[in-house]
Amino acid sequence: MIVPYTHVILLAALLFWAGMICTVLRRNLIMLLLGLEIMLNAAAVAFVGAGLHLQQIEGQAVALFILAVAAAEVSVGLALIVCIYRQTGTLDPECIESDACELE
Amino acid sequence: MPGASMISESWLWAGWAAAAAPFAAFGLILFLLRKRPGAAAAVSLAAVAISMVCALYLLICCVDTEVPLRSAVTWMISGDTVISAGIHLDGLSLLMLAVVCGICLLVQVYSLGYMAGDPGFARYFAFMSLFAGAMIFLVLAPTVVQLYIFWELVGLSSYLLIGFWFEKFSASRAGKKAFVMTRLGDVAFLAGLLLLLVRGGVMDIAALNSGAAGLSSGMITVSAVLIFGGVIGKSAQFPLMTWLPDAMEGPTPVSALLHSATMVAAGVFLVARLFPFFSQSDAAMVFLLAVGTVSMLMSATMAMVSRDIKQVWAYSTISQLGFMLMALAAGGYFAGVFHLVTHAGFKALLFLCAGMLIHALHSNDMFAVGQGGARGLKIPMLCMAVGAAALAGIWPFSGFASKEAVLATLANLENPAWLIAGLAGVFLTAYYTFRLVFILVFPAGQGQTRAKDPARGVGYAYNAMAWPVLLLAFATLVAGFLAAPVRHWLAVGGPAHEAVHGPAWLAPLSLGLVFAAIALAWAEFGRKNASRSGFVERVPVVAQLFARRWYLDDIWGWAVSRLLDRGAAEACRQSDNRVIDGFVHSLAGAAVASGRMLARGHRVMIQARLMIMFAVVFGLTCIMLIWG
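Residue numbers (the working numbering), protein chains in the order written: chain A, 678 to 781; chain B, 235 to 862.
Be aware that one or more of the hints could be misleading.
Selected chain B positions facing chain A (in silico; Cβ < 8 Å) [unchecked claim]: (1) 840; (2) 841; (3) 844; (4) 845; (5) 848.
In case anyone wonders, no lab produced these hints; they're calculated from the structure. Just so you know, even glycine gets a beta-carbon here, dropped at the ideal spot from N, CA and C.
Okay, chain A solo, but in the shape it has when bound:
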């Protein structure tokens, strides 16, 4: 393995951190979903790296599963977001089903 294992794990941690920040701080449901995707992919990177490091093929198999789950999650999540937008007219997670934003 050319890239050391530590670097791979570090990359995964950075990606996860970035996704987490995105999920927690952005005030847009689409960006929130994007953050979730990034976190999933960080996990996938960690799996692939660990699979290479330990010489076990299951790591890559799980990465493929994660891709499938991510695809399904995105489709469902986007559909929900479209519905939410149609009903409430907003994508701000703090405003949905609460009167907080109508005061402005």
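Since the structure of chain A is already known, use the hints to place chain B on it.
Quick look at chain B alone, frame taken from chain A:
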């Protein structure tokens, strides 16, 4: 003795057959023969004929037995209390059995003519069978509980029959009125029974009569007065009397049955059945005497102004039942029961004759019937005269003998007021009876009697109605001479009693009163230039009072609307709205409010909570890395 036991076994079989046959007929008609009126009538008549044969057989056989026969199975055991169900044969129950079966049979034959062509013919006979069966089981009951059950069943079937033409509003209302008013008395009856059950633990009639319950005298008085409540309801006594005059909305044969042998007779029968028990309490008997006296005089005055034939007979039924209760309360066991028996005969006769007239002339109003040509119908008019003479108490008709027995009993009381009230009742009875007869026979406009209908007075329906009427008229003629055998029968298994003889002047005095009343009625309604209005009607206030039934209906209506509708029902409504609904509403409101509060927690601040979650997971990971 095997022979004797076999004989008594056959008697018990006959008793069971008499009781079960009408019930079997009721089931058969209701489930199989509702669409076949002819077969239904045949089954019903056959059943009551079987009962009649069994009753006559038993009545003839049982004269010689000393001990009452009974066949009973245990029906209910609760602790020390054993309640049995079955049949109990003694003089009183067999005598009543024969009367009930005989009247039922004659009334059902009569109904073949009266009800011919009615769309509910099969249903009518089913209810008649139920009525007969319930009454037969009632008179044969060995325990008060069984008596009470069939007592209610008699009430139910009379409700069904009074409201038989339920499409007529007044009929269905009269049925309801009869049901509710008798039920009002039955509540007291049930309370009395429960008191007996709780305090004495004995429900057996023989045990109650022999004083085996060991009750204190105060308890006996209370329970007896409560049971009299049931009698007051059933026998239409003051103050629950007004259902009976309305009950004539049913078919006339039903009225005949109701007024003579089945429904109202049950109340008097109950008093006779528990006579030794009741006579332990003097206070209860005085109460009963007062109720009987008030009812007798009150309803006699109501009958004096009524224009409706059946209503006059209905009032006279109340009056005569009051007379019977007076006799029983005064200690005249034989007199009361004998008057019950003779009254059953002549009252059925009077109603059946009235039914024939109504059927032929299509009116209940006595003036209209008289002008319509009632005197042209010889059989009903003659038989009605016989019945009226018996009701008024003229020798040799049956009413004379029983009425003299009652008056003799009253004459032996210390207080002469009761006898004076009884004699006043005799005078009024004769007056209103012959008022009706004279109005029918000598209508006002004699010249304008309608041309005779050629079809009237012949045909199947007329014949089916005429034969029972003739038989009853014959029975009314001879029943007065059966006092001695009736006395003998009643001694079988009944309470010991001695023949009561009134003073010698009593019979001439009462007969004199009767003839004076008839003369008064003749002067007012019979002779050629009579005014055709009674002496009561010259005082409009009093006439109004009598015609409105002493305002009893108004008082009841006021009580119902004030106490039930506005009082109890309104209180229930308020408690429903405020208490029950309020509790449920506040429960639901609390659930909704707490749901709102919980919803606030998960509907907003998604990201804040995500952050907390991440922080916690991070913290846990750190902890595991450091200490794990």
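* Checking against the hints above, which ones are violated? -> Violated: none.
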